[in-house]
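**Student:** With mature numbering (1 follows the signal peptide of the UniProt record, and there is no 0) as the guide, the letters of the sequence shown map in order to residues -16 to -1, 1 to 399.
These are computed hints drawn from the structure, not numbers from a lab. Please note that a few of the clues may not be correct.
DSSO-like, lysine-lysine: derived pairs with alpha carbons at most 30 Å apart [what the hints assert, rightly or not]: (1) Lys84 to Lys178; (2) Lys178 to Lys87; (3) Lys89 to Lys178; (4) Lys84 to Lys303; (5) Lys44 to Lys84; (6) Lys44 to Lys87; (7) Lys44 to Lys178.
Quick list of the computed label-pair ranges, beta carbon to beta carbon [stated by the list, open to error]: (8) Gly136 to Arg362: 30 to 36 Å; (9) Arg116 to Ala41: 54 to 60 Å; (10) Ser112 to Met304: 39 to 45 Å.
Glycine included, C-beta positions come from ideal geometry on N, C-alpha and C.
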Amino acid sequence: MKPATFLFALSSTALAAELTRSDGPAPLLGPSVGASVVPNEYMVVFRDVVSIDVAQAAAKIATGGSDYTYYSLINGFSATLTESALNNLRNRADVDFVEKVTKTKVPFVARPQGLKVAGEADEAEIKSAGRRVWYQRRAPWGLARISSRRNGIINYFFREPAGHGTCAYIVDTGIDDRNPEFGGRAEQLASFIKDQPIDGHGHGTFCAGIVGSKTYGVAKRTRLFGIKVNDDDGEGTVSTAVAGLNFIAYDWRRQQCPKGVVINISMAGEFSRAFNMAAAALVRRGLFVVASAGNSNMDANGTSPASEPTVCTVGASDKMDRRADFSNYGRLVNIHAPGVDITSLTPCGETCVQSGTSVAAPHVAGLGAYISSLENTRGANTCRRIRQLATSNILDNVPRNTPNLLTFNGAQRQW
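Working from the sequences, and respecting the hints, build out all of it.
**Tutor:** Encoded structure:
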């Protein structure tokens, strides 16, 4: 495990505000009524780029807790604050806004599949179709669907280099990197959950399997990095998620990813301006960020980071080419991908079946790695390219204000 050296534990020593603002207190942002808020925990975001010394000095107002200072994607920190400390910070001239920290959760509703051992009954049979096109016989339905314009195909067609030269960060519950399905390409890289260094939940491993495992993966040669920001119950906070994104902002340059970097964020959370800002900053740096739209059958504009316009937001479709009844919708949904009864990996080498936009998103993240390795696209351009390739107006049950686009990898035209 690599230590996140850019995160600093915050002091509980009180410090009076050094600057006073004349335009009234900085906005205090909060979620909708009924949302799950972490009591007395806040994210403080500065107006402009500030030095780490200024950020640390301001952070000393915190009353304690294992919180973080951010100075890459956003400039600020998270901390547990008294009412007095909160007011002092809101009156600083260099503070842009303060946001209540909300909880996040990964939706994991799995249907066991007899707990088959991955790589035995389900081992991928991959053969050449000529012209650098390969096909996987009797592939999982989601893979087969994204490689054909029409429904009913049972093989998955894909081209070389199949994600080679790319890296995929899975911001989730971690990855079981010992699974032979990953072929030594996976690493559980960092955990922001105390005393929980590995994936004890399963959701992150499941998503990683869809992105890049041998049998269940879209990009079968990408490298996979686990960033654990949700605990073994699948729960986390926005402040921890942003810490994970900040880690990626520093880490990706030291990795060998000449063909590009993708980030999969499959979690449910309330709208967060800070979370959206951090995700958008990664996109501006040329990283392809994918988010699940959410499973509440509502407009995706109320969730983060799905509501960030520069993020590639993914809704779910089923085997009958219908938008899944649970899938969020709206103009911020960029594309749909298979997300009902999807088979992938769990820790300890087993498999299960799961539904949700959180399993639709990894299909698009995997496709991002696939497209980047093939066409050398980056960031938001990768999402645009995926939308260009998509099969249009084929899905039923799609609201009028939602793009009717189904993911397609462009590997073959005639089948």
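**Student:** Indicate, hint by hint, whether the structure satisfies it.
**Tutor:** How the hints compare with the structure:
For the given pair, Lys84 sits about 21 Å from Lys178 by alpha-carbon distance, which is consistent with the 30 Å threshold. In summary, the hint linking Lys178 to Lys87 is supported, as the alpha carbons are separated by about 16 Å, within the 30 Å threshold. For the suggested pair Lys89 and Lys178, the alpha carbons sit about 17 Å apart, so the restraint of at most 30 Å is met. The hinted pair formed by Lys84 and Lys303 fails the criterion: a straight-line CA distance of about 39 Å is larger than 30 Å.
Restraint check for Lys44 and Lys84: the C-alpha separation of about 18 Å stays at or below 30 Å, so the hint holds. Between Lys44 and Lys87 the alpha-carbon distance is near 24 Å, which keeps this suggested pair within the 30 Å criterion. At roughly 22 Å between alpha-carbon atoms, Lys44 and Lys178 fall within 30 Å of each other, so this suggested pair holds. At roughly 34 Å, the beta-carbon separation of Gly136 and Arg362 lies within the given 30 to 36 Å, and the hint holds.
For Arg116 and Ala41, the Cβ-Cβ distance of about 57 Å falls inside the hinted range of 54 to 60 Å, so the restraint holds. One distance hint, 39 to 45 Å for the beta-carbon pair Ser112 and Met304, is violated here, with the actual separation near 31 Å.
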